[in-house]
Amino acid sequence: MAIGEQDVQSEVPESRLGVVLGRDHASFDVDETVYPLEAIYGGAYLFVDRCFVFLSRPKPQVVNVRLTSRGAATSAELEALAGEFMNEMLSQAARLRLSQATTRIREYYTAAALRAAASAPSVDDLLAELDAEELGDDPLEISVPWDKKGSEPQ
Amino acid sequence: MGQITFDRSLYTTDAVEAAAAAYAEYADIALEQSSDTVVAVVGAVRGHDRDTIEHSFCNLVLQETVVRMRRPATPAAPESD
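Those sequence lines, one after another, are chains A and B. So the first sequence is numbered by this note's numbering: it starts at 1 and just counts up by one. So the second sequence is numbered by this note's numbering: it starts at 1 and just counts up by one.
Please note: incorrect hints may appear among the correct ones.
Unchecked claim - Taking lysine to any residue and the SDA-like style, the derived pairs with C-alpha atoms no more than 25 Å apart in a straight line are:
hint: 1; chain 1: A; residue 1: 59; chain 2: B; residue 2: 55
hint: 2; chain 1: A; residue 1: 59; chain 2: A; residue 2: 86
hint: 3; chain 1: A; residue 1: 59; chain 2: B; residue 2: 49
hint: 4; chain 1: A; residue 1: 59; chain 2: A; residue 2: 16
hint: 5; chain 1: A; residue 1: 59; chain 2: B; residue 2: 34
hint: 6; chain 1: A; residue 1: 59; chain 2: A; residue 2: 17
hint: 7; chain 1: A; residue 1: 59; chain 2: A; residue 2: 76
hint: 8; chain 1: A; residue 1: 59; chain 2: A; residue 2: 35
hint: 9; chain 1: A; residue 1: 59; chain 2: B; residue 2: 60
hint: 10; chain 1: A; residue 1: 59; chain 2: B; residue 2: 13
hint: 11; chain 1: A; residue 1: 59; chain 2: B; residue 2: 21
hint: 12; chain 1: A; residue 1: 59; chain 2: A; residue 2: 87
hint: 13; chain 1: A; residue 1: 59; chain 2: B; residue 2: 50
hint: 14; chain 1: A; residue 1: 59; chain 2: B; residue 2: 47
hint: 15; chain 1: A; residue 1: 59; chain 2: B; residue 2: 8
hint: 16; chain 1: A; residue 1: 59; chain 2: B; residue 2: 25
hint: 17; chain 1: A; residue 1: 59; chain 2: A; residue 2: 74
hint: 18; chain 1: A; residue 1: 148; chain 2: A; residue 2: 138
hint: 19; chain 1: A; residue 1: 59; chain 2: B; residue 2: 24
Simulated from the structure, these hints should not be mistaken for lab results.
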């Protein structure tokens, strides 16, 4: 059977998560209106080290995710794998929406930080300013060390 | 001989081509393109069993697709006055 084709004979729809379990794989449909494609990609990218991931499109706005184990796996392990993938997809979707919702304010703060950095005086400017500064009178003798003050005659 | 169908709304053609080139050492892979799909026809395989090579090839196509999707668009060259 070619990858991506539905293996009707070896698949048994018995998972409580709605996952179709096969001999060595689990597959499930994802509604793209709920989980954006970027979230599916994000989950898939994290799972390619653990299993084989294949995406197909059975109908518009629906993505079928097929996770094939790298070695022998029980139905429970396959279902757990699919469950973890679904959780990761949810996390990715939430992060994506948060990122989109805060885009403007992040851009604002970045621009403000760059503006502040551009207008900040350099070290050379500060040293030149110190050199140019004229020290005035010191009526309170702040510049005289305390031990010198104590040794002065009364 | 196995056929793997990649939907172009999910996988980029560039990614399939890059993965096929990377797997040239392990399998003879020919690509057939249509408007909606890219079909990889996997011929003779070398070094590993067919299932492992085909599944690993699919993983690489997916990885290449994700990397390409996440890559920021190349900024346009500044216009010369």
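Hint check results:
The suggested pairing of residue 59 of chain A with residue 55 of chain B holds, with an alpha-carbon distance near 23 Å, which does not exceed 25 Å. For the hint pairing residue 59 of chain A with residue 86 of chain A, the CA-to-CA distance comes to about 20 Å; that is within 25 Å, so the pair holds. Proximity of residue 59 of chain A to residue 49 of chain B is assessed by CA-CA distance (about 32 Å); at most 25 Å being required, the pair is judged violated. At most 25 Å may separate the alpha-carbon atoms for a hinted pair to count; residue 59 of chain A and residue 16 of chain A meet this at roughly 23 Å.
Restraint check for residue 59 of chain A and residue 34 of chain B: the C-alpha separation of about 17 Å stays at or below 25 Å, so the hint holds. For the hint pairing residue 59 of chain A with residue 17 of chain A, the CA-to-CA distance comes to about 21 Å; that is within 25 Å, so the pair holds. A distance of roughly 28 Å separates the Cα atoms of residue 59 of chain A and residue 76 of chain A; the hinted pair therefore is violated under the 25 Å criterion. Simply put, residue 59 of chain A and residue 35 of chain A have alpha-carbon atoms about 15 Å apart, close enough for the 25 Å limit, and the pair holds.
Between residue 59 of chain A and residue 60 of chain B, the direct Cα distance comes to roughly 24 Å. Compliance with the 25 Å bound is thereby established for this hinted pair. A distance of roughly 20 Å separates the Cα atoms of residue 59 of chain A and residue 13 of chain B; the hinted pair therefore holds under the 25 Å criterion. Annotation: proposed proximity of residue 59 of chain A to residue 21 of chain B is violated, straight-line Cα distance about 30 Å (limit 25 Å). Note on residue 59 of chain A and residue 87 of chain A: the hinted pairing holds, with a Cα-Cα distance of about 23 Å set against a maximum of 25 Å.
For the hint linking residue 59 of chain A to residue 50 of chain B, the alpha-carbon distance of about 29 Å lies beyond 25 Å, and the restraint is violated. Our distance criterion of 25 Å between C-alpha atoms is broken by residue 59 of chain A and residue 47 of chain B, whose separation comes to about 36 Å. This hinted pair checks out: residue 59 of chain A and residue 8 of chain B have alpha carbons roughly 13 Å apart, not beyond 25 Å. Distance restraint check for residue 59 of chain A and residue 25 of chain B: the Cα-Cα separation of roughly 35 Å exceeds the 25 Å cut-off, and the hinted pair is therefore not satisfied.
Distance restraint check for residue 59 of chain A and residue 74 of chain A: the Cα-Cα separation of roughly 29 Å exceeds the 25 Å cut-off, and the hinted pair is therefore not satisfied. For a cut-off of 25 Å, the pair hint linking residue 148 of chain A to residue 138 of chain A stands: about 15 Å separates their Cα positions. Restraint check for residue 59 of chain A and residue 24 of chain B: the C-alpha separation of about 32 Å exceeds 25 Å, so the hint is violated.
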